[in-house]
Amino acid sequence: MQAPPAPLQVQLLTIGEEDAGQRIDNFLLRICKGVPKSHIYRVLRSGEVRVNKGRIDQTYRLIEGDVIRVPPIRIAEKQDQMVPGAEFKILLEDNHMLVIDKPAGVAVHGGSGVSYGVIEQLRAARPEAKFLELVHRLDRDTSGILLLAKKRSALTNLHEQMREGDTDKRYLVLVHGDWQNERQHIKLPLHKYTAADGERRVRVQADGQASHTIFNLIRRYGDYALLEAELKTGRTHQIRVHLSSSGFAIAGDDKYGDFALNRALQKADGSRIALKRMFLHAYQITFAHPETGKPITLKAPLPPECEKFLKSLPDGKSDNVASAPSRTTGD
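Everything in the sequence shown is counted per UniProt numbering, starting at 1 for the first residue and increasing by one.
Bear in mind the hints are in silico, worked out from the structure with no lab data behind them. Being a predicted model, the structure only gives us computed values, none of them experimental. If a hint is listed, it holds; no wrong ones were tucked in.
With a Cα cut of at most 25 Å, we get these calculated PhoX-like pairs of lysine-lysine:
{"id": "1", "residue 1": "Lys-130", "residue 2": "Lys-151"}
{"id": "2", "residue 1": "Lys-89", "residue 2": "Lys-130"}
{"id": "3", "residue 1": "Lys-192", "residue 2": "Lys-37"}
{"id": "4", "residue 1": "Lys-267", "residue 2": "Lys-255"}
{"id": "5", "residue 1": "Lys-232", "residue 2": "Lys-187"}
{"id": "6", "residue 1": "Lys-311", "residue 2": "Lys-276"}
{"id": "7", "residue 1": "Lys-276", "residue 2": "Lys-89"}
{"id": "8", "residue 1": "Lys-276", "residue 2": "Lys-255"}
{"id": "9", "residue 1": "Lys-299", "residue 2": "Lys-89"}
{"id": "10", "residue 1": "Lys-255", "residue 2": "Lys-192"}
{"id": "11", "residue 1": "Lys-151", "residue 2": "Lys-299"}
{"id": "12", "residue 1": "Lys-294", "residue 2": "Lys-89"}
{"id": "13", "residue 1": "Lys-299", "residue 2": "Lys-311"}
{"id": "14", "residue 1": "Lys-299", "residue 2": "Lys-232"}
{"id": "15", "residue 1": "Lys-308", "residue 2": "Lys-89"}
{"id": "16", "residue 1": "Lys-232", "residue 2": "Lys-255"}
{"id": "17", "residue 1": "Lys-267", "residue 2": "Lys-308"}
{"id": "18", "residue 1": "Lys-294", "residue 2": "Lys-232"}
{"id": "19", "residue 1": "Lys-308", "residue 2": "Lys-276"}
{"id": "20", "residue 1": "Lys-255", "residue 2": "Lys-308"}
{"id": "21", "residue 1": "Lys-151", "residue 2": "Lys-89"}
{"id": "22", "residue 1": "Lys-294", "residue 2": "Lys-151"}
{"id": "23", "residue 1": "Lys-130", "residue 2": "Lys-37"}
{"id": "24", "residue 1": "Lys-37", "residue 2": "Lys-53"}
{"id": "25", "residue 1": "Lys-232", "residue 2": "Lys-192"}
{"id": "26", "residue 1": "Lys-311", "residue 2": "Lys-267"}
{"id": "27", "residue 1": "Lys-255", "residue 2": "Lys-187"}
{"id": "28", "residue 1": "Lys-299", "residue 2": "Lys-276"}
Distance windows between CB atoms, simulated:
{"id": "29", "residue 1": "Thr-236", "residue 2": "Gly-105", "range": "15 to 23 Å"}
{"id": "30", "residue 1": "Glu-128", "residue 2": "Pro-36", "range": "29 to 37 Å"}
{"id": "31", "residue 1": "Arg-183", "residue 2": "Glu-128", "range": "41 to 49 Å"}
{"id": "32", "residue 1": "Arg-163", "residue 2": "Pro-314", "range": "36 to 44 Å"}
{"id": "33", "residue 1": "Glu-128", "residue 2": "Gly-222", "range": "45 to 53 Å"}
{"id": "34", "residue 1": "Arg-55", "residue 2": "Ser-115", "range": "33 to 41 Å"}
Built from N, CA and C at the ideal position, the CB exists for glycine as well.
Use the sequences and the hints to build the structure in full.
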């Protein structure tokens, strides 16, 4: 069902197959774009939202055929911004899912000072799509593989795979420092908080969420090392904080990295070319197809700007490093 604008009069919406199973609060947050969360929960608590003429609470899960009464909701006056439709490099697409190679510098969704992101642009480019939702997220400055669901059943299935640890996500990351180990486990608990500037941040904290990343050394480049990061948990900023807390700054990381190093990297130096982005790329994922159960492995090669930067470093080679095999030696 195509999401209608935030209503200024009572609307009666009938739930179809694609929205069945979703919580009523999440459904309303999605269809009432621009309405503050606090207002959505207020109309839920007040009983103004009804399902099949009866009151429900925010945890109610929608059933196909439910008729929802959505009350008039007035949002703050603001200039609506047209979202330009965009398509991205497609790695896989069928009736159940869409997998793209997201470029660095593009947010996956609007919010936090960003008017729109990948999901809004794809929806604008595909107005006929009845359902299109992000399965997971990537940081704005991280490039690489991003999964989207085209059916709610696929979204639910892929979320379950991720919760159960059945997906295998791998990243390529370039760090500054004398990395020693061929294979290294980092297990540091992570805590999310909001910084004074309103930005979402993460730090290592004893009572934080258990987090586990395995790093495999692919190649050294003078004072840098190219690593493969294997996620065992999927916490916000996990790779970035695990590395920075262990004394290794990701090249170009403007939140947790070495700021003096980043400034230097943005300018060419001798044979080394400039790096104007964070060197973190989601290059491989393995999961079971949500409909067939067939195992799928997808890869996205390093973007050209990262390849060129590596080749300009000491000991850089002309071969394509993104095709380097993963280290799968025993722990």
